[in-house]
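Protein chains in written order, with my numbering: chain A, 1 to 103; chain B, 1001 to 1145.
Derived by calculation from the structure, the hints in this document are not laboratory data.
Be aware that a few hints might be false.
[As the list claims (entries may be wrong)] Have a look at the derived ranges for each label pair, beta carbon to beta carbon:
| # | chain 1 | residue 1 | chain 2 | residue 2 | range |
| --- | --- | --- | --- | --- | --- |
| 1 | B | Phe-1094 | A | Gly-65 | 38 to 48 angstroms |
| 2 | B | Asp-1082 | A | Asn-66 | 39 to 49 angstroms |
| 3 | B | Gly-1030 | A | Ala-77 | 37 to 47 angstroms |
| 4 | B | Glu-1101 | A | Ala-77 | 48 to 58 angstroms |
| 5 | A | Ser-12 | B | Leu-1077 | 35 to 45 angstroms |
| 6 | B | Ser-1066 | A | Arg-73 | 44 to 54 angstroms |
[What the hints assert, rightly or not] Far from chain A, some chain B residues (derived; all Cβ distances over 12 angstroms):
| # | residue |
| --- | --- |
| 7 | Gln-1028 |
| 8 | Glu-1040 |
| 9 | Trp-1042 |
| 10 | Lys-1061 |
| 11 | Ala-1063 |
| 12 | Asn-1064 |
Where a beta carbon is used, it is the ideal one built from N, C-alpha and C, also for glycine.
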Amino acid sequence: MFQHLLIAIDGSPDGETALRQGFGLAKALSAKVTVATVTEPWTEAAYATLSTPSLVEIYETSAAGNAAVVLDRAKEATEQAGIECVWHIKDQHAPQRHQGSTG
Amino acid sequence: MYKHILIATDGSELAGKAVAAGFDLARQLGAQVTVVTVTEPWTAFVTSETTFGFPVDEYEKTANESASRILSGASKLARKADIQCATVHAKDQFPAEGILETANKNHCDLIVMASHGRRGLGRLLLGSQAVRVLTHSTVPVLICR
Chain A
1 MFQHLLIAID GSPDGETALR QGFGLAKALS AKVTVATVTE PWTEAAYATL STPSLVEIYE
61 TSAAGNAAVV LDRAKEATEQ AGIECVWHIK DQHAPQRHQG STG
Chain B
1001 MYKHILIATD GSELAGKAVA AGFDLARQLG AQVTVVTVTE PWTAFVTSET TFGFPVDEYE
1061 KTANESASRI LSGASKLARK ADIQCATVHA KDQFPAEGIL ETANKNHCDL IVMASHGRRG
1121 LGRLLLGSQA VRVLTHSTVP VLICR
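The following block holds chain B by itself, in its conformation from the complex (with noise of 0.2 angstroms):
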């Protein structure tokens, strides 16, 4: 079935059940695993008024090490669960671009992924990063909720 599945996670809760349920489907499978994050460029991240206070190599120290946490914080699981797993840091990119790209160069076959990020609020029945996902990735996609 899947061999290669690329999980992603920008660290929070919800995050964590797509992040356990890739590792589950993993270790039945018999797949390795890549972990991503993903972090926004900058110019998304602020706004003209924090602009000033915020200059962006603070940012850009403050975005790595968030990643490397996630990240970190993944492998730990995964060694945990004996499965071998990669991480990735996605820099400077929105998360649908910067996961779809990652599976594309990974040659992923299943993507997992929660149904909302961290600002997703649940107001929507599906997160605005999950739909773009579904909407142009070439391989199966599983929503976590």
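One chain only, chain A, in its complex shape (with noise of 0.2 angstroms):
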């Protein structure tokens, strides 16, 4: 059956029931879990109006920082779940292309 579960979390109170569920069933079939959560490339989060490297830089700062504190929080969970987990940041990021376009 299934032996690696994939459970994606944003931070959302929605996010925390999926990981409840999917803690739930990887606990129930022994299964591995692997968390991840994903931020957005900066293009999409930004206008293209503020795009100075320094406020590239300041997104992604704040998103690495948002991510951690989302990851953070699932694992105290995990470990009071007793789970192994894998985590797994998912940044989907160009951040080379994007300076050298806006430099």
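Dock the two chains into a complex; use the hints.
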């Protein structure tokens, strides 16, 4: 049956529900878990008129910060549930390209 | 975890995968299973040209036969896998509504179904009835493909 579950979260209450359901299922099935949170490319989060390199950096720092917060919270839940978990921040950025085109 | 799994099937090959996955899951979780198959209302099934040659009672007879064939197949598999399994034929409904109503009535806490039905043709990433169930369900849905 299922041996490896991917749980996608974004820090929202619905994400918490998915996390709880996923952990419950993983435990019952003795499956491995990967928890992922995705941050969007900078171009989707910002307006073109704001595209200066410094803002890209600020966005990236705060996106990374948010992802860390989301995953840290999930980590606590994982430890409580006693589940082996692979941590995975999926970052869809292409920073070089953005900086190159905006600099 | 899940205690009562609803598995929806229309007897297609893809739905067979959903049945197999649902049974597997039920066995591992020690859950009971209800298998549902839905047959549509006669008016949705026929076009006006075929109405004359295909009266209501004939349609119902065919629908009943096909449903009981599908359900007895699932029961047999359940017996083999040693799973407690009930079957439901939801009549005169569109698939998604029939599935959701059956899940509701039986207090199922997980719905397992295929991504496409018989007429899904695979053109879409997700068939229309799967989308409807996902949209309206209050319990988790496992879509098999």
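Each hint tested on the structure:
1. A C-beta distance of roughly 47 angstroms is found between Phe-1094 (chain B) and Gly-65 (chain A), which places it inside the suggested range of 38 to 48 angstroms.
2. At roughly 47 angstroms, the beta carbons of Asp-1082 (chain B) and Asn-66 (chain A) sit within the given window of 39 to 49 angstroms.
3. Taking the beta carbon of each, Gly-1030 (chain B) and Ala-77 (chain A) are about 24 angstroms apart, not inside 37 to 47 angstroms as hinted.
4. For the pair Glu-1101 (chain B) and Ala-77 (chain A), the beta carbons lie near 34 angstroms from each other, so the given range of 48 to 58 angstroms is not met.
5. With their beta carbons about 39 angstroms apart, Ser-12 (chain A) and Leu-1077 (chain B) fall inside the hinted range of 35 to 45 angstroms.
6. A hinted range of 44 to 54 angstroms holds for the C-beta pair Ser-1066 (chain B) and Arg-73 (chain A), which are about 50 angstroms apart.
7. Residue-level check failed: Gln-1028 (chain B) sits 6 angstroms from the nearest beta carbon of chain A, not beyond 12 angstroms.
8. Remark: the non-interface label on Glu-1040 (chain B) is consistent with the geometry, its nearest Cβ contact in chain A lying 32 angstroms away (cut-off 12 angstroms).
9. Against the 12 angstroms criterion, Trp-1042 (chain B) stays outside the reach of chain A, whose nearest CB is about 39 angstroms from its own CB.
10. A cut-off of 12 angstroms between C-beta atoms confirms that Lys-1061 (chain B) is not in contact with chain A; the least separation is 38 angstroms.
11. Distance to chain A confirms Ala-1063 (chain B) as a non-interface residue, since its nearest Cβ pair spans about 33 angstroms, more than 12 angstroms.
12. Once the 12 angstroms rule is applied to beta carbons, Asn-1064 (chain B) is consistent with being away from chain A; the minimum gap is 33 angstroms.
Hints 3, 4, 7 from the list above are not met by this structure, while the remaining hints are.
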